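Chemist: Okay, here's what each chain looks like letter by letter:
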Amino acid sequence: MLLDGQDLLRADPREMIEIRRHKMGMVFQHFALLPHRTVIENVAFPLEVQGIDKRARRARAAEVIDLVGLQGRERYYPHELSGGQQQRVGIARSLAVEPDIWFLDEPFSALDPLIRREMQDEFLRLQNMLHKTIVFITHDFDEAIRLADRIAIMKDGLVEQVGTAQALISDPATAYVAEFTQHVAREKLLLVESVMERADGTTPGQRTVRAADRIANVAAAILLSDQPVAVLDAERRVVGRVRRENVVEALYGRAGE
Amino acid sequence: MSSAASSVAVGGDAGTHREVARWRAPAVVLGPFALILLVRESLPPWLLTPPASWTLPFVDWINAAVKFLSREQLFGLFTFKDVTRAIGRGIEWPLDFMEGVLISGFEGVGIAPAPWLMVAGLAAVWGWYLRGWRLSLLAGSCIAYVALFGKWKLSMITLSAVLVAAPVAGMLGLLVGILAVKWRAFERVLWPLLNVMQSLPHFSYLIPVAVFIGVSHRAGAIATILFALPPMARLTILGLRGVGAEVREAGVMAGCTPWQMLWKVEVPAARPTLMIGVNQVIMQCLAMVVIASFIGAKGLGHDLLFRLQSLRIGQALEIGVAIVFIAVTLDG
Chain A
1 MLLDGQDLLR ADPREMIEIR RHKMGMVFQH FALLPHRTVI ENVAFPLEVQ GIDKRARRAR
61 AAEVIDLVGL QGRERYYPHE LSGGQQQRVG IARSLAVEPD IWFLDEPFSA LDPLIRREMQ
121 DEFLRLQNML HKTIVFITHD FDEAIRLADR IAIMKDGLVE QVGTAQALIS DPATAYVAEF
181 TQHVAREKLL LVESVMERAD GTTPGQRTVR AADRIANVAA AILLSDQPVA VLDAERRVVG
241 RVRRENVVEA LYGRAGE
Chain B
258 MSSAASSVAV GGDAGTHREV ARWRAPAVVL GPFALILLVR ESLPPWLLTP PASWTLPFVD
318 WINAAVKFLS REQLFGLFTF KDVTRAIGRG IEWPLDFMEG VLISGFEGVG IAPAPWLMVA
378 GLAAVWGWYL RGWRLSLLAG SCIAYVALFG KWKLSMITLS AVLVAAPVAG MLGLLVGILA
438 VKWRAFERVL WPLLNVMQSL PHFSYLIPVA VFIGVSHRAG AIATILFALP PMARLTILGL
498 RGVGAEVREA GVMAGCTPWQ MLWKVEVPAA RPTLMIGVNQ VIMQCLAMVV IASFIGAKGL
558 GHDLLFRLQS LRIGQALEIG VAIVFIAVTL DG
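Protein chains in written order, with our numbering: chain A, 1 to 257; chain B, 258 to 589.
In isolation and in its complexed conformation, chain A is listed as follows:
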């Protein structure tokens, strides 16, 4: 297992401590905040462990606290915060050292669905700013679809398949992957591109959709239309058309099957 050319499995304990201090940040399922420290002290903790002086680590901690939207709560203790806020502290702490790799171990599983969704949006917002290499562990396949570029499905400690969400669904490598992806909401995942009939330049109807749209977002437009709907590519050229039947079949299977 290589990180920046260094084999992690061969690193001795002291090297591992250095790697953890400077290259890794981790967010835990149950937040794992230190109960005796305030928000800012928790966030500054990894810097304190490195021996960075108090003023510098406070300044950096304040920066990441702003980043996760917790300004004004620096002096609160973890037990005074809601679950979502506690996890924001966990996220801020993991980012304080500017890690190269960001681990999130089921970070939102302990949160209720509304807050979870909010935190997922927050996560996407942060990633748009930070562009980190992220390993995000989850049991929630919908969450994986929402957040991930590539998904690895693991069973008993072994990787069953790695690929985009679409690849996992349309081309499962093993029975386990197929089972896992069976109940996924396909309309949220499949693109118009994958259900349309190819056709070039002809019959632009009144309605158009884009090839890169997710079916969920354009299903109403397609299903309400008697006519085939024209499909446009990124340059707004017609590349195909899509009929009601294409959508219904892709989502629910062919009639009589």
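These aren't lab readings, by the way, just hints derived from the structure by calculation. Just so you know, these numbers come straight off a predicted model, no measurement behind them. Where hints are given, some of them may not hold.
[Stated by the list, open to error] Using 20 Å as the maximum straight-line C-alpha spacing, the simulated SDA-like pairs for lysine to any residue come out as follows: (1) K521(B) / A544(B); (2) K521(B) / P35(A); (3) K54(A) / P525(B); (4) K555(B) / S461(B); (5) K54(A) / W520(B).
For chain A, the structure is supplied; the task is to place chain B on it using the hints.
Modeler: Here is chain B on its own, set in the frame of chain A:
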């Protein structure tokens, strides 16, 4: 449907069977012993009362062990007793220092003993700092009461002994607890030892201490420390074990060295339990510092012992109240 019915029937059978078995087992086990009572007359006498010659020479063993430890040279250099007496002298100077502050003053450098108003005031300020005006009032007035009571000097001797014994016992207990958590083999030895120490009556601590330290004020302090140590060790173990695996992992991922892990993560996270330990230590110290007057500890306990022996109940009770007030102050 039918399978459900039959399984219920089987369950019922097993139930009655178990019912019978439940009554039979005690009868089988206890029956023979009841029989002994019935045939008592026909049994040989040695079965009824063990003869004196069977008594284990336990006393002799102990005496031999004590003799060995106090007379024989270890490594041909010093006796065990020399070691313990040296440790005993080590506790002497903090005791002297506390007494200097509270009772006798330091004549050499021209510092007078703390007047009662100062002690009461400090207790009040400290109480306020720890938990606000309520505790401040309580601590201040308890000390003031003790002062107005006419037992000031004795109370301060007791207080100074506790103020030395409690921190020492607390720190040793913490250390022992940490070692036990980090080092399994040590815990296996420690645990039964703690059980024994905690079930020993208060008075039995005095004997070995009297033998190996001598009869003196410092021996009283050492007996107190020994007595107060086990609950702290136990609660340290409990507290450190109770630190969540994830919190520990957070420490690891932050890149803590084992030392940082212990002092920045584990010990602080176990704080609530450790504070209960500290409270226990203080209470045990107070309980013991009174009893330790039997082997020469000075202070209220000594006076209490004296009054009780001469049956002066009133004065004894008065001292008891003073001790309680000191306890209340320290506990807060």
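Chemist: Taking the hints in turn, state whether each one holds.
Modeler: Tested hints:
1. At most 20 Å may separate the alpha-carbon atoms for a hinted pair to count; K521(B) and A544(B) exceed this at roughly 33 Å.
2. A distance of roughly 12 Å separates the Cα atoms of K521(B) and P35(A); the hinted pair therefore holds under the 20 Å criterion.
3. Taking the CA atoms of K54(A) and P525(B), the gap is near 19 Å; set against the 20 Å cutoff, the hint holds.
4. As the CA atoms of K555(B) and S461(B) are separated by approximately 19 Å, the hinted pair is consistent with the 20 Å bound.
5. Using a Cα cut-off of 20 Å, the hinted pair K54(A) and W520(B) holds, with the two alpha carbons roughly 18 Å apart.
Going through the hint list in order, the structure does not satisfy hint 1, though it satisfies all others.
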